[in-house]
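Sequences listed follow chains A and B, in order. Counting from 1, one number per residue, gives the positions in the first sequence under the working numbering. Counting from 1001, one number per residue, gives the positions in the second sequence under the working numbering.
Estimated spans, in silico, between C-beta atoms of each pair:
#1 B:V1346 with A:R228: 23 to 31 Å
#2 B:F1202 with A:T91: 47 to 55 Å
#3 B:N1352 with A:T91: 37 to 45 Å
#4 A:V112 with B:F1168: 22 to 30 Å
FYI, nobody ran anything at the bench for these hints, they're computed from the structure. The C-beta atom is built at its ideal place from N, Cα and C for all residues, glycine as well.
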Amino acid sequence: MTTRAIDRPLVRGVAGLLIGLVLASLSVFLAAPANAQATQLCLANETTSCIVGTLRTEAGVVAGVDILVVGPSGEETLTSGEDGKWNLAVTEPGDYTVTIDKESLPDNVAVVGSAEKKLTVTIGERTRQFGALFELRTGDYSAESSKADQLMQSAVNGLRLGLLIALASLGLSLIYGTTGLSNFAHAELVTLGGVLGYAFIRLMGLPLVVGGIAVVVCCGFVGWLQDRIMWQPLRRRGLGLTQMMIVTIGLSLAMQYVFQYFVGAGTVKVELGTGDVAQFGPVALSYRSMVSMLIAIVMIAAVGYALLRTRIGRATRAVSDNPALASASGIDVDKVIRLVWTVAAAMAGLAGLLYALVISNGIRWDTGLQILLLLFAAVTLGGLGTAFGALLGSLIIGLVVELAGPLGAPGDLKYAVALGLLILLLLVRPQGLLGRAERVG
Amino acid sequence: MTMNSTEPGESLAAAESLADENAASKRPVLRAAAIVFAVFVALLILVELTGGSPTLIINGMMREAVAPQTAGVAIAVIGLNVHFGFTGLLNMGQAGFMLLGAYGFAISISKGIPLPVAILIGLAAAIVFALILGMPTLKLRGDYLAIVTISAAEILRYTGRLANLEDFTGAAQGLPGSLYRDPFTSLSIFPGGGVEWDPFRFLGLDSIGLALNYQATGVNGWWVRFVAWVLVALVTLVFFYLVRSPWGRLLRGIREDEDAIRSLGKNVFAIKMQSLVIGGALAALGGMIYVLPSAVQPDAMGRSLTFFMWTALLLGGAATIFGPILGSILFFGLRIFVQGASNSIVPDSLMNTQQSQQFSWIVIGTALMLLVIFRPQGILGDKRELRFNV
Chain A
1 MTTRAIDRPL VRGVAGLLIG LVLASLSVFL AAPANAQATQ LCLANETTSC IVGTLRTEAG
61 VVAGVDILVV GPSGEETLTS GEDGKWNLAV TEPGDYTVTI DKESLPDNVA VVGSAEKKLT
121 VTIGERTRQF GALFELRTGD YSAESSKADQ LMQSAVNGLR LGLLIALASL GLSLIYGTTG
181 LSNFAHAELV TLGGVLGYAF IRLMGLPLVV GGIAVVVCCG FVGWLQDRIM WQPLRRRGLG
241 LTQMMIVTIG LSLAMQYVFQ YFVGAGTVKV ELGTGDVAQF GPVALSYRSM VSMLIAIVMI
301 AAVGYALLRT RIGRATRAVS DNPALASASG IDVDKVIRLV WTVAAAMAGL AGLLYALVIS
361 NGIRWDTGLQ ILLLLFAAVT LGGLGTAFGA LLGSLIIGLV VELAGPLGAP GDLKYAVALG
421 LLILLLLVRP QGLLGRAERV G
Chain B
1001 MTMNSTEPGE SLAAAESLAD ENAASKRPVL RAAAIVFAVF VALLILVELT GGSPTLIING
1061 MMREAVAPQT AGVAIAVIGL NVHFGFTGLL NMGQAGFMLL GAYGFAISIS KGIPLPVAIL
1121 IGLAAAIVFA LILGMPTLKL RGDYLAIVTI SAAEILRYTG RLANLEDFTG AAQGLPGSLY
1181 RDPFTSLSIF PGGGVEWDPF RFLGLDSIGL ALNYQATGVN GWWVRFVAWV LVALVTLVFF
1241 YLVRSPWGRL LRGIREDEDA IRSLGKNVFA IKMQSLVIGG ALAALGGMIY VLPSAVQPDA
1301 MGRSLTFFMW TALLLGGAAT IFGPILGSIL FFGLRIFVQG ASNSIVPDSL MNTQQSQQFS
1361 WIVIGTALML LVIFRPQGIL GDKRELRFNV
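Next comes chain A alone, as it looks inside the complex (with noise of 0.2 Å):
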């Protein structure tokens, strides 16, 4: 690293990023450094900054292994604690070098990648912790089945998070396939299934299943009342598709605030822990993920089961195809489109409550808002107001966000990928996998 002038706040940059991902490792170090008693403390302050990391290999952490620091001050040997951490205070800016003595690691443990780490250290800057992460396996660690391993349970994850997409995206196709409405706010039901599951759960003490139940009776109550309040007189009004789309997106904005004034800015969980994990061969799955995608399977097929052999199903599809011809034949389209409302939210519901439990471990006021995205990219992948295509997208979207990493995607990024395949099928495919070429355009 030069030390151009413009390079430092870069530098500063990747120790950012480093301590990010070192403080997930850390948090217990840093949030309790009474407990870090295995190592010598190191308090950051204007005059000093620390170097810090914790060497742990897929099965634990290591301890007793030693680490040259060679800095301008001169060098330093530092030992890994009990806990596999250790730190180094300096008090000169500069660059230094983190080295792994290969020779005290264990036996059967090996540093992947480089065991030599560069980190350019400044003093009484805004970042005062520098990390310096290692890779470490143990010999029964083999690369080679870990890819297929690693697969294995992103395949089962991705699988896992497209259901509960499903379980959203239906809805929201629904509501699309009947009235036309691109809803912006239906990410916002999501979050409202976590936050009424934090609330009549972890505040109010129901038990898991009866607290679901409301959570799932209350969205759906939500959902009815905005269409009699807010869609069904708006229609009425013959407001402009384009202009209930921006109505939305104005909800969607009061949602989330609302749920943030509520429930604060950061995470709050339905239950604590995670419950027991099930281990199949290479692919590890909660219990509670495996409840989960059950209840997402049932809803999707009773779903699918009422809109291809119920009367009301039919009617429902009747709307989707021809809501002026449907009306004619004596469907009631309002009641119709009050169902498809009510039964959405419901399953949005529940899929937030869902995933609060299994897969985000939470909810944020913003949860809703990070999956919106892939809720659109679902539907209009399996083209845009099929139900069925609704489930087809969501489970490739579910698949392409966890396999994205695994298949080398940097991290950001799987997000990223997912909305990329979406623009580019628009290229080919505008109306979607299963949708019919005539609704386009």
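Given the structure of chain A, go ahead and fit chain B onto it with the hints provided.
Quick look at chain B alone, frame taken from chain A:
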């Protein structure tokens, strides 16, 4: 509002009754303005009675109104007005264009490219982006453009946050302003030191604490404000002539009835593309101004900013000349007002300072809904201008 285009005969009759309608529609607007102003004053009095400081709130609003960020957003909203107000394109990724312009500009300068070239690079980046987005979607129904632009803007934001690109984009931390600001501040024609401007002293009255106090040049001083608002004025002027040109009439024609324009032998796709490119370039310019006093933060230019710009546009009035500027100033100013007033009036036990900020966003969201439902033409708009249904 009718969604269907009017029949030719009807539109003649409509044209005749225009003058009357206009005159008649002025009075309720004035009445509404008077009511809004009365509520504003009443709330300020309430703030004073509950121990708050109305001058502090008004001063905060003034600061927000003249902020360079407001000017940057105003320029981007003018671009959005070209897209939506005049052509009827649903661009939901305007913040992405801003981010691209800001990146192009900031990265170029930080790599030692001179200022004028850096500006051109920022504009070119947005133009290329517009061409790439427009190609697949402009032939499709409007929602597709909305979904593709919002997705593409998000892809840009995620890409900007990538750790691998840290040397260029500064990853999630972004690029600090000190990296790219110097060539601009060194152009300053203003002297050093601080300059205070007090509207009451300016009018020869006693100061009541409404002074705006900034450095003349500085990081975030009068110089960047001056340039930003001069640019807003220039862009508005160009925009004024552009939408009155035959080309501007074509845009409106496409908004009202695409097939009619096509039947006149015009290449609708090309005109839409030109509109997308011009509006996108304006957003890039706005983005450059937006980041000048602060930093290029990918997360600061995400979907929320796009939605704010839509609110500002609809508040001021889509398809009007001054709507975007008025809307941007009011949007940022009113939010500060709602936040300050609710913080002061509502006791802390019911709403703490943090919550009053969230409350201001709830009000913004609700205002956007009510606006579109009850006054889709915004403050300055003309209802007949907004018949489009894309």
